[in-house]
Amino acid sequence: MINSLKYNLVGILTVICMVVAYTAEEKIIKLITGSLLIIALIFSLIETQRSIELSSGQKQLSWIILIPLLSLVGYLYKIYE
Amino acid sequence: MKEFKYSNEKAKKVMKTQMITKIPLILIASFAGLYIANSKNNMIFSNKLVLSLTLLICLIAVSIGLFLGIKNGTKMLLQNIYKVTETSIERVTPSGKSINIAFNTIDNHKIHKKGLLISAKKKNILIPIELDEYNVLSTLILKQIK
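Chains A and B are the protein sequences, given in the same order. In terms of the working numbering, the first sequence opens at residue 1 and continues consecutively. In terms of the working numbering, the second sequence opens at residue 82 and continues consecutively.
For reference, chain A alone in the conformation it holds in the complex (with noise of 0.2 Å):
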């Protein structure tokens, strides 16, 4: 349960980090949350990659991830641009 709860948390504070990032009007704001939704985003798909646990399909599919990861790489460069 505690592990549980740690790991909706740790969620709440990606989507709330996701939030900010597309929704603030300072260009720093969205540039710190967005650098660490990026972040998470990584290490994500990192830990995903070396996990044992999962099987080779579903490893396989946790590479869409890169679809939300480039979208918000192009729209911070196209805010600094």
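Incorrect hints may have been included.
[Said to hold, decoys possible] Output of the computed footprint for chain B on chain A, the stretches with three or more beta carbons under 8 Å from beta carbons of chain B:
#, stretch
1, 7-14
2, 19-32
3, 53-59
[As the list claims (entries may be wrong)] Ranges of calculated distance between the beta carbons of each label pair, as one might list FRET restraints:
#, chain 1, residue 1, chain 2, residue 2, range
4, B, Lys195, A, Ile29, 33 to 43 Å
5, B, Pro105, A, Leu66, 19 to 29 Å
6, A, Ala24, B, Met82, 51 to 61 Å
[To be verified] Subject to a maximum C-alpha distance of 25 Å in a straight line, what follows is the list of computed DSS-like cross-link-like pairs (lysine-lysine):
#, chain 1, residue 1, chain 2, residue 2
7, A, Lys6, B, Lys93
8, B, Lys121, A, Lys30
9, A, Lys59, B, Lys97
10, B, Lys224, B, Lys86
11, A, Lys6, B, Lys204
12, A, Lys59, B, Lys103
13, A, Lys6, B, Lys103
14, B, Lys94, A, Lys59
15, A, Lys59, B, Lys204
No lab work stands behind these hints, which were simulated from the structure alone. Quantities reported herein were computed from a predicted structural model and do not represent experimental measurements. Cβ atoms here follow ideal geometry from the backbone N, Cα and C, with glycine treated the same way.
Put chain B on the given structure of chain A with help from the hints.
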């Protein structure tokens, strides 16, 4: 050598419980997505038809996600196999890799709420309480450790 696995019913029950604990997070993420989509031009919340259609699509997507999550998770749990020999315990994971701990290398063991945790050098194996014949397996291991 003896093998222990999850039964189909227990694996399904475990996955259902895990998915239920994830529902609040999924709902929060869905509403956050709606909020982001609406933040640009207030298109979703100002139009009742668009709002109801969006909510319906979200509900269908979440339901399909939960259903597939339970199905794939159950399949994954069923691929976990615990093999006990006279000298060691081996856990075969869904990826096909296995963790092997010899009984004479076990540093620590603890009975948790979730099951029996065996620790050796840089290796851990948790024997989940939901496993079929958990009592037989844990007794066998504890006897070997002593």
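Cross-check of the supplied hints:
1. Coverage of the stretch 7-14 of chain A by chain B holds [criterion: at least 3 residues with CB-CB distance below 8 Å; count 3].
2. Evaluation of the coverage hint for the stretch 19-32 of chain A: fulfilled, as 3 residues show C-beta separations to chain B shorter than 8 Å, against a requirement of three.
3. Only residues whose C-beta sits within less than 8 Å of a C-beta in chain B count toward coverage, and the stretch 53-59 of chain A has 6 of them, enough to reach three; the restraint holds.
4. Here the CB-CB span from lysine 195 of chain B to isoleucine 29 of chain A is close to 40 Å, well matched to the stated 33 to 43 Å.
5. Taken as a hint, the range 19 to 29 Å holds for the pair proline 105 of chain B and leucine 66 of chain A, whose Cβ atoms sit roughly 27 Å apart.
6. Range check, alanine 24 of chain A to methionine 82 of chain B: Cβ separation about 59 Å, and the 51 to 61 Å hint holds.
7. Among the hinted pairs, lysine 6 of chain A with lysine 93 of chain B is consistent with the structure: their alpha-carbon atoms are about 23 Å apart, no more than 25 Å.
8. Taking the CA atoms of lysine 121 of chain B and lysine 30 of chain A, the gap is near 15 Å; set against the 25 Å cutoff, the hint holds.
9. Our distance criterion of 25 Å between C-alpha atoms is met by lysine 59 of chain A and lysine 97 of chain B, whose separation comes to about 21 Å.
10. A C-alpha spacing of about 20 Å is found between lysine 224 of chain B and lysine 86 of chain B, which places the hinted pair at or below 25 Å, so the restraint holds.
11. As the CA atoms of lysine 6 of chain A and lysine 204 of chain B are separated by approximately 23 Å, the hinted pair is consistent with the 25 Å bound.
12. Proximity of lysine 59 of chain A to lysine 103 of chain B is assessed by CA-CA distance (about 20 Å); at most 25 Å being required, the pair is judged to hold.
13. Between lysine 6 of chain A and lysine 103 of chain B, the direct Cα distance comes to roughly 12 Å. Compliance with the 25 Å bound is thereby established for this hinted pair.
14. A C-alpha spacing of about 24 Å is found between lysine 94 of chain B and lysine 59 of chain A, which places the hinted pair at or below 25 Å, so the restraint holds.
15. The suggested pairing of lysine 59 of chain A with lysine 204 of chain B holds, with an alpha-carbon distance near 22 Å, which does not exceed 25 Å.
Comparing the model with each numbered hint stated earlier shows that all of them hold.
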